[in-house]
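Can you build the whole structure from these sequences, using the hints too?
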Amino acid sequence: MNKVPRVILLIETSRAFGRGFLYGIARYSRIHGPWVFYREAGGLEKSIPRLKDWGLDGVIMRNTPKSNNLLELGLPTILVIHGQERQMDFPRVLTDGAKISQMAAEHFLDRGYRHFAYCGFSDTPWSQQRGEQFVKTVGQAGYDTLIYKQPKSKARRQWKNEQVFMADWLRSLPKPVGLMAGNDDRGQHVL
1 MNKVPRVILL
11 IETSRAFGRG
21 FLYGIARYSR
31 IHGPWVFYRE
41 AGGLEKSIPR
51 LKDWGLDGVI
61 MRNTPKSNNL
71 LELGLPTILV
81 IHGQERQMDF
91 PRVLTDGAKI
101 SQMAAEHFLD
111 RGYRHFAYCG
121 FSDTPWSQQR
131 GEQFVKTVGQ
141 AGYDTLIYKQ
151 PKSKARRQWK
161 NEQVFMADWL
171 RSLPKPVGLM
181 AGNDDRGQHV
191 L
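Just so you know, we're using our numbering here: the sequence shown kicks off at 1 and counts up by one.
Think of the hints as simulated: they come from the structure by calculation, not from any bench. Glycine is no exception: its CB is placed at the ideal position from the N, C-alpha and C atoms. Mixed in with the good hints there might be a few duds.
[As the list claims (entries may be wrong)] In silico DSSO-like links for lysine-lysine, alpha-carbon gap of 30 Å or less: (1) K99 with K152; (2) K99 with K136; (3) K160 with K175; (4) K152 with K136; (5) K175 with K149; (6) K152 with K175; (7) K149 with K99; (8) K99 with K175; (9) K149 with K136; (10) K149 with K160; (11) K136 with K175.
[As the list claims (entries may be wrong)] Listed next, with one range per pair, are the computed distances between beta-carbon atoms: (12) R30 with P76: 17 to 27 Å; (13) L170 with R6: 29 to 39 Å; (14) T13 with V177: 24 to 34 Å; (15) R6 with Q140: 23 to 33 Å; (16) I31 with S153: 45 to 55 Å; (17) A155 with V4: 28 to 38 Å; (18) D57 with K175: 45 to 55 Å; (19) D144 with R6: 48 to 58 Å; (20) D168 with P76: 40 to 50 Å.
In structure tokens, the structure reads:
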């Protein structure tokens, strides 16, 4: 009898992306499996010391600051990441930031918007890529995009301070505006 693969899933479920990704993994397992899944609710930091003892065959995980600790265990790992800014010798599932931004811009253009804005994270490569593609797609249609610029100092980037800058920027935008947020977190900030 063949051994059923045991896979730990370290994917957040608080966002639509994570839930959709887990749905896709479950669907793949139904077609090509079976697999046995385990999801650690307590977070990566709590589970790393115990993973070696669980008899796992692999890990599918989001890339986090603690990823290197897990990767040092030598388990077969697939990383789910936003971009290729970190070159590693691991299989990766990459989000297509350019396509995401193109689709958002086309959505707003199809609805007749003439004013556009992008609110992302100035120091994050995947967010910058999304903003650049949004600007490009909107520009090809003959429009400009207003970009939110995060404050440069760390103190001003603390949310209690940055929200004042962002609120002023949002008030200054021409209305109605098709505004793309860089991700779910930034979308919540905008709201």
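Here is how each hint holds up against the structure:
{"no.": "1", "hint": "K99 with K152", "in the structure": "holds (28 Å)"}
{"no.": "2", "hint": "K99 with K136", "in the structure": "holds (12 Å)"}
{"no.": "3", "hint": "K160 with K175", "in the structure": "holds (26 Å)"}
{"no.": "4", "hint": "K152 with K136", "in the structure": "holds (25 Å)"}
{"no.": "5", "hint": "K175 with K149", "in the structure": "holds (19 Å)"}
{"no.": "6", "hint": "K152 with K175", "in the structure": "holds (27 Å)"}
{"no.": "7", "hint": "K149 with K99", "in the structure": "holds (22 Å)"}
{"no.": "8", "hint": "K99 with K175", "in the structure": "holds (25 Å)"}
{"no.": "9", "hint": "K149 with K136", "in the structure": "holds (18 Å)"}
{"no.": "10", "hint": "K149 with K160", "in the structure": "holds (16 Å)"}
{"no.": "11", "hint": "K136 with K175", "in the structure": "holds (21 Å)"}
{"no.": "12", "hint": "R30 with P76: 17 to 27 Å", "in the structure": "holds (21 Å)"}
{"no.": "13", "hint": "L170 with R6: 29 to 39 Å", "in the structure": "violated (47 Å)"}
{"no.": "14", "hint": "T13 with V177: 24 to 34 Å", "in the structure": "holds (31 Å)"}
{"no.": "15", "hint": "R6 with Q140: 23 to 33 Å", "in the structure": "violated (48 Å)"}
{"no.": "16", "hint": "I31 with S153: 45 to 55 Å", "in the structure": "holds (51 Å)"}
{"no.": "17", "hint": "A155 with V4: 28 to 38 Å", "in the structure": "violated (52 Å)"}
{"no.": "18", "hint": "D57 with K175: 45 to 55 Å", "in the structure": "holds (53 Å)"}
{"no.": "19", "hint": "D144 with R6: 48 to 58 Å", "in the structure": "holds (52 Å)"}
{"no.": "20", "hint": "D168 with P76: 40 to 50 Å", "in the structure": "holds (49 Å)"}
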